[in-house]
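K.L.:
Single-letter residue listing:
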Amino acid sequence: MRAKLTIKSPGFARRVVLKALAGVALAPLVASVAFAQSATGEAPALADLVRAGQLPPVAERVGSEPEVITPLESVGSYGGEIRFGLRGSSDHNHILRMVGSQGLMRWNPTYTEVHPAVAKSVDVDPEGRIFTFHLREGMRWSDGEPFTADDIMFNVEDLLLNEDFAPTPPRYMSSGEPMTVEKVDDLTVRFTFQAPYGDFLSELASPLGQHPVLYAKHYCSQFHPDYNSDIEQTIRENNASDWQNLFLQKCGDIEIPSRWGNPERPTLDPWIVATPYSGGATRFVMERNPYFWQVDSEGNQLPYVDALNATISQDVESLILAAIGGRIDFGIRHLDTPADRPVLAQNREAGDYRFIAAAAPGGVDMIINLNLTHKDSELRDLFNERDFRIALSVGMDRQEIIETALLGEGEPWQHGPFEDHPYFHELLSTQYLEYDPETANDLLDGIGLDQRDADGMRLLPSGRPLTIRVDVIPTFRPQWPDMLQLIEQQWAQIGVRMEVNALERTLFFERTSNGNDHDAAVWAAIQSWVPGQVPQQIVPIHQDSRWGIPWVNWYNSGGSTGEEPPASVLERLRLYDLARGTPDPEERRQLIMQIADIAAGEFEVFGVSKSVPTYGIVKNGLKNVPEEVVNTFFATAPAQALPQSWYWQD
Amino acid sequence: MLLNYILRRILWAIPFFFAVSLIAFALISAPPGDYLTTFAATLAQSGDMVDQARLDALRERYGLDQPFLIKYWRWISGVIQGDFGISFEWQQPVSQLIGERMALSVTLALATLIFTWAVALPIGIYSAVRKYSVGDYVITAVGFIGLATPNFLVALVLMYIAVVHFGADVSGLFSPEYQDAPWSWAKLADLASHIWIPVIILGTSATASLVRIMRANLLDELHKPYVTTARAKGLSEFHLIMKYPVRLALNPFVSTIGWAFPQLISGAVITAFVLSLPTAGPMLLQALLAQDMYLAGAFILLLCCLSIVGMLVSDILLALIDPRIRYR
Amino acid sequence: MTATPVDPRAISTTPDEQASQWKLIWLAFRRHRLAMFGAAVVLALYAIGLFAEFLAPFDPNAFSSRHSYHPPQAVHFIDRVEDGGWAFRPHVIGLQLERDTFTLATTYVPDPEHKIYLTLFGKGTPYKLWGLIPMDRHLIAPVDPSERFYLIGADRLGRDMLSRVIHGTRISMSIGLVGVALSLTFGLILGGISGYFGGRIDSLIQRLVELVLALPTIPIWLGLSAALPQDWSPLMRYFAITIILSLVGWTELARVVRGRFLALRTEDFVTAARLDGGSKGRVIFRHMMPSMVSHIIASVTLAIPVMIIAETSLSFLGLGLMPPTISWGVLLKEAQNVRSIAQAPWLFIPGAAVVIAVLAFNFLGDGLRDAADPYTQDGR
Amino acid sequence: MEKAHMKASTNDETVLEVKNLSTAFATRAGSFRAVDDVSIELKAGKTLCVVGESGSGKSVMSRSILQIVDPPGRVIDGQILLHRHHTARGGATEETIDLAQLKPKSAAIRTIRGRDIAMIFQEPMSSLSPVHRIGDQIGEAIRLHEHVSKREARDRAVELLRKVEIPNPERTIDSYPFEYSGGMRQRAMIAMALACNPSILIADEPTTALDVTIQAEILALIRSLQESSDMAVLFITHDMGVVAEIADEIAVMRYGKVVERGDVYSIFETPQHPYTQRLLSSVRELDRPSERRIAMRASREIGAPCLVAQGVRKEFGSAHGFLGLKYRGFMAVDDVDLELRAGENLGVVGESGSGKTTLGRCLQRVHNVTSGKILYTDRHGATTDLAPLNDGELREPWRDIRTVFQDPFGSLNPRMTVGQIIAEPLVMNRLAKGNELKERIAELLDLVGLPSSAMERYPHAFSGGQRQRISIARAIAPNPRVIIADEATSALDVSIRTQILDLLLDIQERLDLSFILISHDIAVIRYFCDRIAVMYRGRIVETGETETVCKAPEHPYTRSLLSAVPVADPRRRGMTERFRYHEGQEEHLNS
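One line per chain: the protein sequences are F, G, E and L, in this order.
Residue numbers for the first sequence follow the numbering used here, beginning at 1 and rising by one.
Residue numbers for the second sequence follow the numbering used here, beginning at 1 and rising by one.
Residue numbers for the third sequence follow the numbering used here, beginning at 1 and rising by one.
Residue numbers for the fourth sequence follow the numbering used here, beginning at 1 and rising by one.
Since the hints were made in silico from the structure, they are not lab data.
Keep in mind the model is a prediction, meaning the values are calculated, not measured.
Glycine included, each C-beta is placed from N, C-alpha and C at the ideal position.
No false leads were mixed into what you were given.
Label pairs and their in silico Cβ distance ranges:
1. 27(E) <-> 130(G): 23 to 33 Å
2. 201(E) <-> 455(F): 44 to 54 Å
3. 145(E) <-> 352(F): 42 to 52 Å
4. 79(L) <-> 134(G): 31 to 41 Å
5. 111(E) <-> 594(F): 49 to 59 Å
6. 455(F) <-> 95(G): 57 to 67 Å
7. 356(E) <-> 6(G): 44 to 54 Å
8. 200(G) <-> 345(E): 16 to 26 Å
9. 434(L) <-> 265(E): 26 to 36 Å
10. 146(L) <-> 6(G): 35 to 45 Å
11. 352(F) <-> 200(G): 29 to 39 Å
12. 436(L) <-> 27(E): 32 to 42 Å
Some chain G residues flagged as far from chain F (calculated, every beta-carbon gap over 10 Å):
13. 29
14. 118
15. 126
16. 129
17. 183
18. 322
Sequences are here, hints too, so could you generate the full structure?
P.N.:
In structure tokens:
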């Protein structure tokens with residue numbers, strides 16, 4: 001990984017360098033030398049407007065403390081647009097990933113550390129309870145209004161902590177208590193938690209942690225009943241059902257499409273909506289934000305390119321055709337299926353694009369979760385036999401599956417971060433990978449599955465035939481049903497009957513995460529357990545922990561619903577709470593490793609192949625695009641590589 | 001008489017409307033889960049994380065946890081007042097979303113209908129008049145192949161060939177420069193230059209079946225005594241066939257107009273999806289798949305209403321062109 | 001144009017006039033050449049479906065990592081023997097997979113040394129015909145059972161397309177049949193009630209039919225298939241999908257049945273049967289049904305292809321059958337992408353199968369419809 | 001018109017000559033000559049009647065003249081010479097066109113169709129386009145051959161309609177055919193045919209589908225038009241009565257050939273060909289009571305009433321519709337009292353729509369009755385009211401009261417063998433089974449004059465008359481007491497009619513039956529029935545002994561009905577006094 005982007009923040013008195021990943025070599029941030037007056041360059045079109053008196057000068061627009069970005073390759077030139085392909089529905093996060101989330105914090109391009117972003121700097125008390133954010137002097141919303149501590153107070157007090165609007169996300173709580181916020185001065189805000197909360201800054205760096213700076217008070221308050229005495233009138237005028245609906249309609253939320261549906265809404269993004277992403281749109285266009293608060297190392301205001309321009313297709317295939325036809329300048333999402341790689345590779349010249357790598361942060365593409373809390377007691381007992389799980393794992397010929405279903409790309413892997421990662425846990429990731437049907441048979445015979453039916457398939461001790469039905473969403477990853485069909489045939493060799501149960505996606509959720517009605521289910525586990533991520537395969541804390549859904553419910557409800565987990569799980573839950581609280585990265589790592597130790601010993605879930613890097617396409621001539629991005633939502637990939645710093649070489 | 005007849009038909013349409021709306025609503029409510037589970041599922045599919053607590057709050061806000069009949073009542077009472085509700089996905093009033101899409105759908109369907117009729121009628125007449133000729137057999141064979149080939153298959157292959165071999169983009173209904181432009185003559189011309197591809201793809205199978213129907217209808221009429229009467233008058237063969245048997249063979253045709261229309265719109269869903277047409281179809285499909293209830297509901301209801309209106313129009317048209325029905 | 005016999009005892013004795021209904025239909029049908037051809041194809045397709053395991057060279061799900069997107073191979077019949085002579089030994093030339101490590105594209109290089117000899121009724125994967133008779137013979141098989149050959153290519157997992165299309169025939173052809181059988185049951189019952197009793201019940205059922213017709217098809221399919229109980233096996237799902245397809249299809253059949261019933265109800269011979277003391281059931285089944293059966297069969301034949309296409313569409317939307325069930329729709333769904341068009345156009349062969357089947361059914365149905373009523377002495 | 005009158009004085013010239021005409025149909029079995037070497041001549045101002053039974057090729061011949069035979073029929077031989085100079089249209093110079101040489105789709109023949117030669121057809125309903133207005137269809141005929149404006153054409157059409165005695169032509173010209181009655185439609189057809197003052201009118205069974213009273217009017221109309229315009233008329237018919245009424249000359253056709261030609265008197269008085277003789281004799285036979293019946297009555301007494309209708313009403317189509325609207329029904333049978341006595345033959349006569357068929361079905365309780373009683377006295381003397389019974393309870397009475405239907409083709413299930421058809425009532429009523437059943441069927445077949453080998457055949461192997469015999473066999477199978485024969489002979493050719501009626505009498509003699517014969521044909525009733533009931537608009541207007549009623553009708557309607565029946569004797573042409581009857585009024589017409 002070539003981590004060339006460096007963040008230079010203007011000097012601040014007591015700087016806390018946050019090293020989210022203590023295992024990674026500590027690279028202290030280069031002390032900032034750049035200053036406000038460095039905002040000198042701007043796009044020609046904006047310069048014209050300034051000359052015409054329609055826009056204040058650039059230095060005034062970016063304020064005195066803009067964030068200075070050192071471009072990856074070179075300082076760029078202004079102009080052009082980046083075209084990408086959106087799908088017509090539920091693809092709003094694609095936009096988010098292109099634009100970036102502009103929160104108080106953000107991940108570095110290599111997804112190893114978090115840095116202040118909208119905040120100029122942050123102070124953290126040693127216990128990890130009090131976080132003080134310093135904002136940038138003269139920073140403005142995209143409509144030119146100043147961005148101040150009042151905006152954060154509005155966001156937090158009137159919305160985030162306002163149960164009328166929505167329940168406070170757990171991200172802003174510790175020990176079940178929400179945080180409190182105070183405005184120290186116009187440019188300083190202090191967040192205080194009940195209990196230590198070391199993961200907080202990483203949480204803020206995830207796109208889901210943008211809430212404190214999401215809404216512009218001067219605009220969005222008109223849709224809030226506390227600020228608008230005639231709110232009913234506004235609701236009626238906009239055909240909304242209530243003020244919450246009105247608010248979402250006008251100002252959006254992090255993950256809903258209406259975020260990109262209102263061109264009037266002031267944002268902190270490098271581009272602002274020109275043609276909204278709304279139901280039935282065929283095109284989505286964003287144009288540069290004249291007040292964007294980042295400059296390059298030579299003081300030129302970012303972004304370089306004038307616009308983002310997406311055609312909206314219904315079918316993925318037409319996106320691929322668009323790419324081949326050279327009508328897409330950048331794309332990872334929808335195009336990165338390994339199966340499509342040959343077609344896209346063959347047409348590189350025709351479409352005038354190159355490939356970049358979209359690296360996985362770790363983990364496996366497909367993980368198999370047996371339901372350890374199965375409603376049928378016999379199956380439950382069986383699934384809870386460690387030997388049974390080992391037998392199934394060694395009963396899979398992973399290499400064959402990789403060769404056949406994954407085009408040879410991959411490497412046998414159980415799950416967890418890769419070797420070069422600080423959270424790498426060798427035993428957990430690499431035990432029981434060898435294909436060994438004999439051992440599998442022995443193990444199965446040893447746990448009372450020695451009876452077989454006429455077809456040679458094993459019977460349960462009660463005499464019932466043993467059948468494991470594996471739930472899968474075939475549309476999710478096309479290779480999953482293929483892989484499962486191969487596994488079905490391999491398991492049949494060791495006398496275990498498996499059925500692939502292909503389900504429509506909602507049905508899948510209803511049956512697994514909500515109903516706990518599954519025998520087994522497959523899901524992706526592409527993760528590295530860094531703060532902000534949920535290690536749901538080693539500790540049952542999330543709806544995707546399909547190996548113990550009732551335990552997840554028990555944990556998340558504080559014990560009021562679900563089922564109390566066994567001791568080993570309870571211990572891991574305790575350790576996880578501790579890990580989440582500690583502000584010390586190394587201590588956090590230790591705690592997670594302890595969880596992984598227990599998980600490795602239990603061997604509850606098993607995977608097939610390391611999640612392989614996929615690819616993206618970049619039009620030749622588009623500069624400052626890294627050759628590799630870590631493709632994870634938590635870093636808003638690929639926006640952590642700062643598309644605002646990309647430019648077109650003539 | 002005619003007025004009375006129309007009035008009676010319209011009165012009938014009212015209970016019909018409610019029955020259809022109830023079924024439509026039941027259908028879109030039938031799948032397990034709701035918009036938010038789909039929402040979560042979609043985001044998860046792209047590797048995005050979902051805020052679970054936020055989802056639960058939204059579910060309550062949308063009233064998704066209410067019983068079926070209450071949801072239906074809320075919806076239908078709104079619909080009667082012209083309020084189709086709010087799209088969950090887009091947070092916009094449904095009526096705003098579907099307006100232009102429906103209009104384009106109707107345009108497309110109309111163009112397809114005209115195309116099918118323009119092609120099918122003469123061919124059908126030819127095929128009936130020249131029964132068992134070489135031409136008839138060729139038409140029959142081509143027609144059946146048209147019937148037998150799934151539309152979406154044709155659409156995708158056509159698109160690929162256009163992109164790879166001609167460097168042309170055949171998807172959509174507008175060139176990029178007109179996509180968001182306000183309506184103008186130039187935009188209309190642009191639409192006309194794009195619409196023919198989906199029209200042909202959509203129209204093929206309809207044309208084929210129409211040719212078959214026309215042929216059969218006309219064969220029934222060709223030997224009726226009134227044809228002999230007209231022939232005995234000294235009418236030329238062409239005028240004779242066009243004025244008498246074709247006119248009567250058209251009657252069953254006209255009675256299908258009303259049906260053809262909504263069926264074309266709903267049948268175009270898959271093709272429109274493949275071709276990324278900005279019509280109602282893909283949006284309906286998405287809304288259904290995303291369980292965006294009110295949006296899907298409005299679409300289905302509109303389609304049903306189109307059908308009901310279609311039936312009405314068919315019946316009235318039939319009454320207009322066939323005096324026997326008018327005076328029944 | 002028949003002459004009036006003077007002697008009442010003189011009875012015409014031409015063979016045509018001694019024939020029963022079915023014989024007459026057959027005589028009329030046989031003259032329809034396209035229909036005969038359609039009938040032959042349909043029968044062949046059902047035979048393929050019936051003996052799928054035997055006809056398919058391989059297990060349709062048997063994958064092979066070395067044969068992803070293997071192109072079709074031509075069969076060579078003449079082989080050069082070592083001593084320089086020629087011999088009749090059908091074989092295909094083996095192809096060697098080469099995968100580009102960057103683009104992941106597969107290319108196949110012919111390996112002339114590697115000949116795969118084929119034999120009729122050779123031993124292959126064991127199977128149970130109709131789930132009963134254990135067998136291991138296949139119509140065409142490689143002499144060496146560990147070898148593989150691909151007459152119409154392989155899919156991305158190296159599964160033999162020929163075997164998959166053959167097995168898909170079973171599901172796709174039967175789904176039409178089962179679906180239509182269900183439609184027919186609905187159609188017969190409702191159309192029959194409607195047509196026989198008439199009046200209020202008739203108008204009620206007619207309204208119901210109109211109601212169903214007013215609902216747009218695709219949303220109905222979507223709604224119903226999405227509402228399928230979740231934990232159904234592929235077999236149950238198969239039947240559920242058929243029921244859904246038939247739910248939409250029954251209206252047309254109901255209409256036909258009703259029409260025939262209404263027409264027949266006023267026929268004198270039906271009244272006569274009633275006066276002869278026949279019960280309602282006997283009047284319907286002994287007297288009215290035989291007159292409708294041929295028409296119904298014709299309508300049914302024309303309804304089957306609609307079902308086949310519908311299954312394809314549903315599968316395309318991801319709401320029909322799902323792998324590992326193999327149907328033409330499922331196979332086409334897998335081919336519905338740019339990479340298949342670009343790299344493996346042979347994946348569209350199931351599409352050809354659909355076209356052929358639909359064509360054959362249409363020809364057959366057309367012929368049957370024309371022959372259905374041998375008693376109308378019309379020249380048509 | 002002026003010109004026509006002038007020409008009328010110089011008439012008697014041949015305008016159309018058909019010489020050795022042959023028309024063939026290509027069939028699977030080879031070429032079939034429907035018209036075989038036919039020669040006829042048409043003279044101006046004269047009527048040539050071509051008479052023959054169904055299938056004799058008379059209709060094909062008439063169509064061959066205009067070359068409008070439906071494919072695969074084709075004129076293959078002969079000449080059709082139109083002597084135009086002998087027509088009103090022709091000039092002084094000799095102009096003869098051979099129509100047989102013209103292509104059927106050529107413009108040349110099209111100018112002749114409708115202009116020189118016009119044609120009217122049997123079915124006025126289906127021969128007019130149902131969706132075009134009467135005026136448009138007439139106007140089209142005018143505008144096709146003459147350059148006149150639409151307006152002018154319309155005025156001419158009104159004039160024509162007036163000429164054919166359509167009331168209110170200015171208004172009714174805009175009506176559709178279905179708004180016209182049957183007679184008006186045929187008048188409109190005639191008006192259309194006369195649109196261009198044709199010199200030849202071909203009338204293909206123009207009155208067959210009409211009631212006798214209307215038939216009489218149409219015949220009178222054609223005759224008067226012919227007189228005023230000197231038109232030659234080729235009149236195709238199977239009805240000797242009509243022939244006697246209208247013909248100047250006659251050509252008798254059989255099996256595609258003309259067997260005899262001559263003027264009307266010589267044919268009627270001295271027929272040469274045996275076929276013509278037989279035709280005439282069967283017509284004449286039907287004109288008087290059956291001797292056989294008279295003889296039978298003498299030996300056997302008429303018994304007590306066995307089937308009695310009291311105040312029977314039947315209303316159709318009355319229903320409570322949507323939104324509680326009540327549709328007014330149509331009273332098909334209105335307060336009918338009728339009794340059938342054991343051993344007698346009762347005739348019900350009436351024109352179409354008079355309710356006679358409905359009455360028959362009510363008597364048998366095929367239809368429900370709206371009110372009234374139907375009292376049936378069975379062979380044990382017990383009397384039941386059939387009116388309130390349901391299908392199950394009617395099984396017994398239905399075994400005793402049987403039906404012979406009108407349509408010999410529709411009443412036999414084509415998918416069952418004759419044996420199965422006849423067995424049905426026996427099996428259903430458990431009267432016979434096994435060998436006994438077979439013997440019984442053979443016996444029944446023998447009774448109706450069919451060989452027992454017929455048992456294995458399907459109905460389509462039989463001719464109309466034979467089928468009617470099968471129908472009779474089925475009716476008498478369970479030893480019934482009453483047979484209701486609804487137009488049992490109407491669909492048959494004259495020569496077969498008497499055969500069937502005699503068969504029925506024969507059976508009556510053997511089996512002790514009572515008949516109700518429903519018919520529109522007075523002759524048939526007179527031949528077969530002891531008593532007669534005349535129906536008009538759902539009511540019975542007159543009952544009585546057949547001979548009494550026929551000779552001295554009481555009711556004006558009966559009188560008008562009887563007066564309209566054409567008599568098969570050209571000498572008595574126009575001698576009967578004609579009455580037109582409209583409810584409540586009576587018109588005296590002297591034709």
